[in-house]
Amino acid sequence: MKILFTDNSLWSQLNFRGCIITHLCDLGHEVVVVSPVDAPSKGMNVPDGVRHIAINMRRTSTNPLHDVRYFFRLLRIYREEWPDYIFHFTIKPNIYGTLAARLLGIHSTAMVAGLGFTFSHGGLASKVAHRLFRLGLSLADKVMVLNEENLRILVERGVARKEQIILLEGGEGVDLDKFAFSDNRSDKTIFLMVARVLYDKGYKEVVEAAKIVKRTHPEVKVQLLGPVDEAYPNAVSREQIQKDEESGAITYLGYTTEPKKFMGRPGILLLLLSSYHEGLNRSLMEGCALGKPIIASDIPGCRETVREGENGYLVPTKDVNALADAMLRYLSLSDEEKESMSINSRRLAEERFDIKSVRSCYERILQEYDS
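If you're matching positions, the sequence shown starts at 0 in numbering that gives the first Met the number 0 and goes up one per residue.
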């Protein structure tokens, strides 16, 4: 079969779905990736045997003319490629890609990785996007979701039909061989946040909690790894990051296409304080696979990676004091208790996040529509 993967970012395709794309190629399918070439993807290589079609789009623009142009570009590509099946990811491909596929009679799946800005913010733009999103999902053959709460919301709000939806209980999965357990024992603790630098990802809460923790533990490091995307709503400016570095609260590590090099270091504990629904956070899943303890928001998409007190702690969103308390609680643990948390994180990854179950899901969808 000829299969297209359409996303708003080449980096996302390669980072989140590289294993799936490679697996489908190994099964003999022809795979084509359709996405813009974004800054984070520079230096990343498309897997052997996969074609990439670059397309212009503005991810965060609310100008309808930009979206109309994007729709017709997709329509032209789909007509020229005429694939057997298309997988769409993120809001604009889910809307305009699914519409283009339906007009051409091509079967498709829409992946809803998380109910982010569109569902957590008000305003006219968000309401319009919500209605377009409902239209797009109604035209898809299948809708993938990554947690039960997102499934419930989509059905209750009439955005998708229950019979359309496929729940990937382990998210988009982790290659447990690539992200092998690493010894986390160390006499130093580093709290690491791996995420886009957005206020909605808990940036402010992490900075303020770091200041509290450092009052009694000045030796502790709090680090942030991820791209700065100032075009995105609620992005943190580079100037603000610099101020927080100068205050001594955090260290900004910049962006890398190989976060495992940072996550795999001894003494790491991963932080993520998102204030809106995640799908199922990849950094936290990968952290579990590596054997890293987790402190995360008690929200869908984050809570699935934590067993309270066993491999980490859950805290309420936007609660600086609760986050600081969780960090201090971890620092008070014995070496044996910290090691037990690491082992429990790996065990959770093996039980829930193995990429093999996700591969099987894609295979079943394609078998259903293989004519």
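Derived from the structure by calculation, the hints contain no laboratory data.
Positions of the beta carbon are idealized from the N, C-alpha and C atoms, including for glycine.
Some clues are possibly wrong.
Using 30 Å as the maximum straight-line C-alpha spacing, the simulated DSS-like pairs for lysine-lysine come out as follows [claimed, not checked]:
| hint | residue 1 | residue 2 |
| --- | --- | --- |
| 1 | Lys260 | Lys213 |
| 2 | Lys1 | Lys161 |
| 3 | Lys213 | Lys317 |
| 4 | Lys177 | Lys161 |
| 5 | Lys213 | Lys177 |
| 6 | Lys355 | Lys203 |
| 7 | Lys213 | Lys337 |
| 8 | Lys161 | Lys187 |
| 9 | Lys161 | Lys242 |
| 10 | Lys355 | Lys260 |
| 11 | Lys161 | Lys203 |
| 12 | Lys317 | Lys177 |
| 13 | Lys203 | Lys126 |
| 14 | Lys161 | Lys210 |
| 15 | Lys126 | Lys177 |
| 16 | Lys220 | Lys161 |
| 17 | Lys177 | Lys242 |
| 18 | Lys126 | Lys187 |
| 19 | Lys1 | Lys220 |
| 20 | Lys355 | Lys259 |
| 21 | Lys337 | Lys355 |
| 22 | Lys187 | Lys1 |
| 23 | Lys177 | Lys220 |
| 24 | Lys259 | Lys213 |
| 25 | Lys355 | Lys210 |
| 26 | Lys259 | Lys187 |
| 27 | Lys220 | Lys337 |
| 28 | Lys177 | Lys210 |
For each label pair, taking beta carbons as the anchor points, the in silico distance ranges come out as [as the list claims (entries may be wrong)]:
| hint | residue 1 | residue 2 | range |
| --- | --- | --- | --- |
| 29 | Pro315 | Glu244 | 18 to 28 Å |
| 30 | Thr215 | Arg160 | 20 to 30 Å |
| 31 | Phe261 | Ala53 | 41 to 51 Å |
| 32 | Arg214 | Val45 | 19 to 29 Å |
A quick look at each hint next to the structure:
A threshold of 30 Å between alpha carbons decides the hint, and for Lys260 with Lys213 the separation of about 25 Å falls inside it, so the pair holds. With a C-alpha separation of about 27 Å, the suggested pairing of Lys1 with Lys161 holds against the 30 Å cut-off. The suggested pairing of Lys213 with Lys317 holds, with an alpha-carbon distance near 19 Å, which does not exceed 30 Å. Taking the CA atoms of Lys177 and Lys161, the gap is near 34 Å; set against the 30 Å cutoff, the hint is violated.
Restraint check for Lys213 and Lys177: not satisfied, since their Cα atoms lie roughly 34 Å apart, outside the 30 Å limit. About 36 Å separates the Cα atoms of Lys355 and Lys203, which puts this hinted pair outside 30 Å; it is violated. Distance hint between Lys213 and Lys337 is fulfilled; the C-alpha atoms sit about 20 Å from each other, no more than 30 Å. For the hint linking Lys161 to Lys187, the alpha-carbon distance of about 48 Å lies beyond 30 Å, and the restraint is violated.
Our distance criterion of 30 Å between C-alpha atoms is broken by Lys161 and Lys242, whose separation comes to about 47 Å. A hinted pair counts as satisfied when its Cα atoms are at most 30 Å apart, and Lys355 with Lys260 qualifies at roughly 23 Å. Note on Lys161 and Lys203: the hinted pairing is violated, with a Cα-Cα distance of about 37 Å set against a maximum of 30 Å. Proposed proximity of Lys317 and Lys177 is contradicted: the alpha carbons are some 33 Å apart, above 30 Å.
For a cut-off of 30 Å, the pair hint linking Lys203 to Lys126 stands: about 27 Å separates their Cα positions. Between Lys161 and Lys210, the direct Cα distance comes to roughly 45 Å. Violation of the 30 Å bound is thereby established for this hinted pair. Simply put, Lys126 and Lys177 have alpha-carbon atoms about 41 Å apart, too far for the 30 Å limit, and the pair is violated. Under the criterion of a C-alpha separation no larger than 30 Å, the hint pairing Lys220 with Lys161 is inconsistent with the structure, at around 45 Å.
Note on Lys177 and Lys242: the hinted pairing is violated, with a Cα-Cα distance of about 36 Å set against a maximum of 30 Å. Between Lys126 and Lys187, the direct Cα distance comes to roughly 47 Å. Violation of the 30 Å bound is thereby established for this hinted pair. The straight-line distance between the Cα atoms of Lys1 and Lys220 is roughly 48 Å, outside the 30 Å bound, and the hint therefore fails. Of the supplied pair hints, the one linking Lys355 and Lys259 holds, its CA atoms being roughly 20 Å apart against a limit of 30 Å.
With a C-alpha separation of about 29 Å, the suggested pairing of Lys337 with Lys355 holds against the 30 Å cut-off. Distance check on the hinted pair: Lys187 and Lys1 sit about 50 Å apart at the alpha-carbon level, beyond 30 Å; violated. Of the supplied pair hints, the one linking Lys177 and Lys220 holds, its CA atoms being roughly 27 Å apart against a limit of 30 Å. Of the supplied pair hints, the one linking Lys259 and Lys213 holds, its CA atoms being roughly 26 Å apart against a limit of 30 Å.
For the given pair, Lys355 sits about 41 Å from Lys210 by alpha-carbon distance, which is inconsistent with the 30 Å threshold. Using a Cα cut-off of 30 Å, the hinted pair Lys259 and Lys187 holds, with the two alpha carbons roughly 19 Å apart. For the given pair, Lys220 sits about 17 Å from Lys337 by alpha-carbon distance, which is consistent with the 30 Å threshold. For the hint linking Lys177 to Lys210, the alpha-carbon distance of about 35 Å lies beyond 30 Å, and the restraint is violated.
At about 27 Å, the CB distance of Pro315 to Glu244 agrees with the hint of 18 to 28 Å. Under the hint 20 to 30 Å, the C-beta atoms of Thr215 and Arg160, about 53 Å apart, miss the expected range. Range check, Phe261 to Ala53: Cβ separation about 29 Å, and the 41 to 51 Å hint is violated. Checked against the hint of 19 to 29 Å, the C-beta distance between Arg214 and Val45 comes to roughly 48 Å, which is inconsistent with it.
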